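Trainee: Next come the chains, spelled out residue by residue.
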Amino acid sequence: MIRVQSLSVDYRTNEGYVAALKGLSLDIPKKEVTAIVGESGSGKSTLLYSVLRLLPPGTKVKGSIIAEASDVLAMNYEKLNRFRWNRCALILQGAMSSFTPVLSIGNQIAETIIHHRGLSSREALLKTSELLERVGLPAAFVSRYPHELSGGQKQRAAIAMAISCDPDFLLADEPTTALDVITQAEITVLLAELVAEKGMGLCMVTHDLPLALSLCHNLAVMKEGEIVEAGRPEIILEKPRHPHTVELVESIRKLEEGSIAK
Amino acid sequence: MNTPVMSLQNVVVSFFSHGKRVEALRGISLDVASGECLALIGESGSGKTTALRAGLALLPLSGGRAALFGEDLRQVSKGRRVELRRRCGYIPQDPFGCLPPTVTALETVAEPALLQSSRNGKREVFEKSMALLAECGLGEKRIVESKVSTSLSGGQRQRVSIARALAADPALILADEPTSMQDASNRGKILEILLKRVNRGAAMVLTTHDLYLAAAAANLGIVLYHGHIVERGPTKALLAEGLHPYTRALAQALPRLGKKAARPPVAEKTEDFGPLACPFAPRCPERFERCRQAPPLVNLSPGRDAACWRS
Numbered sequence: 000m001i002r003v004q005s006l007s008v009d010y011r012t013n014e015g016y017v018a019a020l021k022g023l024s025l026d027i028p029k030k031e032v033t034a035i036v037g038e039s040g041s042g043k044s045t046l047l048y049s050v051l052r053l054l055p056p057g058t059k060v061k062g063s064i065i066a067e068a069s070d071v072l073a074m075n076y077e078k079l080n081r082f083r084w085n086r087c088a089l090i091l092q093g094a095m096s097s098f099t100p101v102l103s104i105g106n107q108i109a110e111t112i113i114h115h116r117g118l119s120s121r122e123a124l125l126k127t128s129e130l131l132e133r134v135g136l137p138a139a140f141v142s143r144y145p146h147e148l149s150g151g152q153k154q155r156a157a158i159a160m161a162i163s164c165d166p167d168f169l170l171a172d173e174p175t176t177a178l179d180v181i182t183q184a185e186i187t188v189l190l191a192e193l194v195a196e197k198g199m200g201l202c203m204v205t206h207d208l209p210l211a212l213s214l215c216h217n218l219a220v221m222k223e224g225e226i227v228e229a230g231r232p233e234i235i236l237e238k239p240r241h242p243h244t245v246e247l248v249e250s251i252r253k254l255e256e257g258s259i260a261k
Numbered sequence: 000m001n002t003p004v005m006s007l008q009n010v011v012v013s014f015f016s017h018g019k020r021v022e023a024l025r026g027i028s029l030d031v032a033s034g035e036c037l038a039l040i041g042e043s044g045s046g047k048t049t050a051l052r053a054g055l056a057l058l059p060l061s062g063g064r065a066a067l068f069g070e071d072l073r074q075v076s077k078g079r080r081v082e083l084r085r086r087c088g089y090i091p092q093d094p095f096g097c098l099p100p101t102v103t104a105l106e107t108v109a110e111p112a113l114l115q116s117s118r119n120g121k122r123e124v125f126e127k128s129m130a131l132l133a134e135c136g137l138g139e140k141r142i143v144e145s146k147v148s149t150s151l152s153g154g155q156r157q158r159v160s161i162a163r164a165l166a167a168d169p170a171l172i173l174a175d176e177p178t179s180m181q182d183a184s185n186r187g188k189i190l191e192i193l194l195k196r197v198n199r200g201a202a203m204v205l206t207t208h209d210l211y212l213a214a215a216a217a218n219l220g221i222v223l224y225h226g227h228i229v230e231r232g233p234t235k236a237l238l239a240e241g242l243h244p245y246t247r248a249l250a251q252a253l254p255r256l257g258k259k260a261a262r263p264p265v266a267e268k269t270e271d272f273g274p275l276a277c278p279f280a281p282r283c284p285e286r287f288e289r290c291r292q293a294p295p296l297v298n299l300s301p302g303r304d305a306a307c308w309r310s
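Chains as they are written, first to last, in numbering that gives the first Met the number 0: chain A, 0 to 261; chain B, 0 to 310.
Chain A on its own, in the form it takes in the complex (with noise of 0.2 Å):
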């Protein structure tokens, strides 16, 4: 299990220090998908960095985060290097902009195996074939590069290429956003087979609370840096307490059910 605690992030900015996160807590157990849903600017995606040390130089970051009785926060260099990607991997917000556009799909995530699991290149790419396989990609898009892909593709080759350690943890930035909704709900029902298949622990960040109720086991909500309601997602639903989450429930019951002053 990751497990953050009393997490305070500041960012620098040329007015001083700004803060994103206010000492929050939160475990992201294995073989469950945990989601935090948040609005935009409540330091959902502050989180998910924060667990990688993916922050800024000048960042002020305070609190634990261990990974499974190692500190992420005290790693040096090397272990972090070994954290990032085979215990821990991340699924960037627009996959569009997570690859380089002048390497094929197959040479990025071949060059993720080799550089983390010391594989050759002729077996990391065997290996890349295979993944891409399990995302339901052709196994000849290795050769393929990243303009050739629609936005699905290339949301699937960036959860092949974050499961190509095999990590313990897999951590993802509102993976479906930019999706069409049929596309939306191939990748995450793709997710919740990684999940349910490799046993990994999945912490999904996303402003949609029907989406991430689709398929997590726990749910956190966000607000300004905090965490103001957690637990059980069906408890949540049923009874929301947080004044921010009784209107994030009640908004969308009222648009699921229409009654908008038509």
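Mixed in with the good hints there might be a few duds.
Lysine-lysine pairs mimicking BS3-like chemistry, simulated, CA-CA at most 27 Å apart [to be verified]:
1. B:K188 - B:K258
2. A:K253 - B:K259
3. B:K259 - A:K30
4. A:K222 - B:K259
5. A:K30 - A:K238
6. B:K259 - A:K238
7. B:K140 - A:K222
8. B:K259 - A:K29
9. A:K253 - B:K235
10. A:K222 - B:K188
11. B:K127 - B:K188
12. A:K78 - A:K126
13. A:K21 - A:K222
14. B:K258 - A:K29
15. B:K268 - A:K126
16. A:K238 - B:K258
17. B:K258 - A:K253
18. A:K253 - B:K195
19. B:K188 - A:K253
20. A:K197 - A:K78
21. A:K222 - A:K253
22. A:K197 - B:K259
23. B:K258 - A:K30
24. A:K238 - B:K188
25. A:K222 - B:K258
26. B:K121 - B:K140
27. B:K258 - A:K197
Because the hints were derived from the structure by calculation, they are not lab data.
Remember, predicted model here, so these are calculated numbers, not experimental data.
With chain A fixed as given, assemble chain B onto it according to the hints.
Mentor: Here is chain B on its own, set in the frame of chain A:
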């Protein structure tokens, strides 16, 4: 029935891309009258935005007819076309590309109204723009006076773009995914602001990929796929019991409170059915031989049309 505010008849729009002719709209017809809201539903690439732009004659038609306020846009003079367009408020999809970069939010909203009415005092226009910004939740002094390009988030820019489109009291509102960048708690509010104008007599065409949003906003909806109208009917019916397999796939793929993630009912995209086939055939779970020939859009029950051999 009174004259439709916007009307498309058998509109065909084609683009050239990589030396190939791509048809973005393949003969679509739609009307929207004063006090009505029509939802154009479909995924990216289905032709929703092109249909809005064709309605304003912002792109050349390869076939068919587009009319605003009963006047054929190809028959009228350029000056008249501009006059007709000025009665329309267009909310483009991308709030990053559509707003002037160097002026403040307030000036951005006031600009179209200032251009149009010399008799209205400048002051009055600014007061009204202020009220509109406040209505869209952007009334804070800091926001009103900041430059759109440097200090506002995507969601805020989109609301500036909505206020701007409403500033000159348009008779027709064309809203291209107007809530795409809004947080859940804001989407309903934005919809209410737009529908208030419809209740006061404006016509509106709204594009979305979200059938719930369509049903909340509009009584009537059109489902587009690859530039074809595949179904037309009351939005509530489209959501609950679509006649076309694509409409049903769209409805089932939408996340909904209390529904677990499930594989959407679409087939593996494989076989090429040829250029004459039903556009949805390559992904349709119910395809059969007859789908090699595209089905026409036919009336199946009062107010409901679909283009599918099976329905």
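Trainee: List in ascending order the numbers of the hints, as given earlier, that are violated by the structure.
Mentor: No hint contradicted; all consistent.
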